[in-house]
Amino acid sequence: QQKVQQSPESLTVSEGAMASLNCTFSDRSSDNFRWYRQHSGKGLEVLVSIFSDGEKEEGSFTAHLNRASLHVFLHIREPQPSDSALYLCAVGYNQGKLIFGQGTKLSIKP
Amino acid sequence: EAAVTQSPRNKVTVTGGNVTLSCRQTNSHNYMYWYRQDTGHGLRLIHYSYGAGNLQIGDVPDGYKATRTTQEDFFLLLELASPSQTSLYFCASSDRDREYEQYFGPGTRLTVL
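The listed protein sequences derive, respectively, from chains Y and S.
Just so we're aligned, residue 1 is where the first sequence starts under the working numbering, counting upward by one.
Just so we're aligned, residue 1 is where the second sequence starts under the working numbering, counting upward by one.
Take these hints with a grain of salt, some might be off.
What the hints assert, rightly or not - With a Cα cut of at most 30 Å, we get these calculated DSS-like pairs of lysine-lysine: (1) K11(S) <-> K109(Y); (2) K56(Y) <-> K109(Y); (3) K11(S) <-> K105(Y).
As the list claims (entries may be wrong) - According to the in silico footprint, chain S covers these stretches of chain Y (three or more CB under 8 Å from chain S): (4) 68–82; (5) 101–108.
Hint data in this document are derived by calculation from the structure and do not stem from the laboratory.
Just so you know, these numbers come straight off a predicted model, no measurement behind them.
Beta carbons are placed, not taken as given, at the ideal position from N, Cα and C, and that holds for glycine.
The shape of chain Y in the complex, shown without the other chains (with noise of 0.2 Å):
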């Protein structure tokens, strides 16, 4: 069964700074992946969608695929304190079910 990880657990950047995620996988069958973002006590909101080894930019954020390392990154462009939250990779694997990452929490610094 494809497994799922996130790293760093908790991160902190001053506003304006590059935030960088990871996300590894452990079945590089999928070809379905995306980043949702989760503020305290809110519901899951999806940021970037990428289905192949690349990148993908939505807005401020960007996905970097690269299958053949099991990894897939979100670089976040020059964030805001608003966009401190907790960050889940998901990976898409048989008919519709995702598998999600335990999340990373992100906190930027004024």
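Got chain Y sorted already, so can you dock chain S onto it with the hints?
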């Protein structure tokens, strides 16, 4: 955008109690899902459904039943609640042709004392 609603938003019960969590989606999606979210585990799939009357077992099904009565409605049942089921529960839905594009409800926080 798909609309997924959940009720109740908060629920407190006692050990051994009976709880039903409700989910409704209004975009005619075929697939519906129930997840639980716990610190350190992300979201884990409990049960899911491909359509009315259909049920599939997820990755953490023990202690839970589910029922899909209509295209729109999906219920999660805890018949003998235990403190280990204290969690944040999310429902999601997706279209059959874009099954990984899941739309999530706002969540139900369940506390079992």
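Checked hints:
Between the alpha carbons of K11(S) and K109(Y) the distance comes to roughly 34 Å, so the proposed pair goes past 30 Å and is violated. Between K56(Y) and K109(Y) the alpha-carbon distance is near 26 Å, which keeps this suggested pair within the 30 Å criterion. With a CA separation close to 26 Å, the supplied pair K11(S) and K105(Y) stays within the 30 Å bound. Residues of the segment 68–82 of chain Y lying with their CB closer than 8 Å to a CB of chain S number 0, which falls below the three-residue condition for coverage.
A stretch counts as covered by a chain when three or more of its residues have a beta carbon under 8 Å from one of that chain; for the segment 101–108 of chain Y and chain S the count is 3, and the coverage holds.
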